[in-house]
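Engineer: Whole structure, please, built from the sequences with the hints as guidance.
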Amino acid sequence: MKFTVASLQKGQKGIIKKFSNDDIPLKLLEMGCLPGNELELVQTAPFRDPMYLNINGSHLAIRKETALLIEIEVVE
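Under the numbering used here, the first residue of the sequence shown is numbered 11, with each subsequent residue one higher.
Wrong hints could be hidden among the right ones.
[Stated by the list, open to error] Ranges of calculated distance between the beta carbons of each label pair, as one might list FRET restraints:
(1) Glu86 <-> Leu36: 26 to 36 Å
(2) Gln22 <-> Phe57: 15 to 25 Å
(3) Gln53 <-> Leu78: 10 to 20 Å
(4) Leu78 <-> Met41: 13 to 23 Å
(5) Glu48 <-> Lys12: 17 to 27 Å
(6) Ile25 <-> Tyr62: 16 to 26 Å
(7) Ala55 <-> Pro35: 13 to 23 Å
[To be verified] Simulated crosslink set (PhoX-like; lysine-lysine; CA at most 25 Å straight-line):
(8) Lys74 <-> Lys23
(9) Lys27 <-> Lys12
(10) Lys28 <-> Lys74
(11) Lys74 <-> Lys12
(12) Lys23 <-> Lys37
(13) Lys28 <-> Lys12
(14) Lys20 <-> Lys37
Rather than coming from a laboratory, the hints here were simulated on the basis of the structure.
Every residue gets a Cβ at the ideal spot worked out from N, C-alpha and C, and that includes glycine.
Structural biologist: Quick look at the structure:
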């Protein structure tokens with residue numbers, strides 16, 4: 011089963027595996043959203059958009075449509 015950042019629940023962590031396509035904003039890459047890095051879902055807004063993440067100590071909000079492009083391995 012393919013997991014993406016959009017499938018995380020609040021407080022759950024994952025490790026970025028790859029991106030579904032090349033439409034990932036450059037700003038996310040600059041802030042550490044790279045394969046191999048760990049992320050945690052801190053909070054979501056109503057309707058789960060946007061999603062507030064902690065990636066290697068950087069806090070950022072991303073849209074759900076972008077979260078669907080980032081494949082992860084869930085960390086238990």
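Engineer: Each hint should be assessed against the structure and marked as holding or not.
Structural biologist: To see whether the hints hold, each was checked on the structure:
Between Glu86 and Leu36 the Cβ separation comes to about 32 Å, which falls inside the hinted range of 26 to 36 Å. Checking the proposed 15 to 25 Å range against Gln22 and Phe57 shows it holds: the Cβ atoms sit about 18 Å from each other. Checked against the hint of 10 to 20 Å, the C-beta distance between Gln53 and Leu78 comes to roughly 18 Å, which is consistent with it. Look at Leu78 against Met41: about 18 Å separates their beta carbons, and that is inside 13 to 23 Å.
Between Glu48 and Lys12, the C-beta spacing of about 18 Å keeps the proposed range 17 to 27 Å intact. Distance hint check: the CB atoms of Ile25 and Tyr62 are about 18 Å apart, consistent with the given range 16 to 26 Å. In this structure, Ala55 and Pro35 meet the distance hint of 13 to 23 Å, their C-beta atoms being roughly 18 Å apart. Restraint check: the Cα-Cα separation between Lys74 and Lys23 comes to about 16 Å, which is no more than 25 Å; the hinted pair holds.
A C-alpha spacing of about 10 Å is found between Lys27 and Lys12, which places the hinted pair at or below 25 Å, so the restraint holds. A hinted pair counts as satisfied when its Cα atoms are at most 25 Å apart, and Lys28 with Lys74 qualifies at roughly 16 Å. At most 25 Å may separate the alpha-carbon atoms for a hinted pair to count; Lys74 and Lys12 meet this at roughly 16 Å. Between the alpha carbons of Lys23 and Lys37 the distance comes to roughly 21 Å, so the proposed pair stays at or under 25 Å and holds.
Taking the CA atoms of Lys28 and Lys12, the gap is near 11 Å; set against the 25 Å cutoff, the hint holds. A hinted pair counts as satisfied when its Cα atoms are at most 25 Å apart, and Lys20 with Lys37 qualifies at roughly 23 Å.
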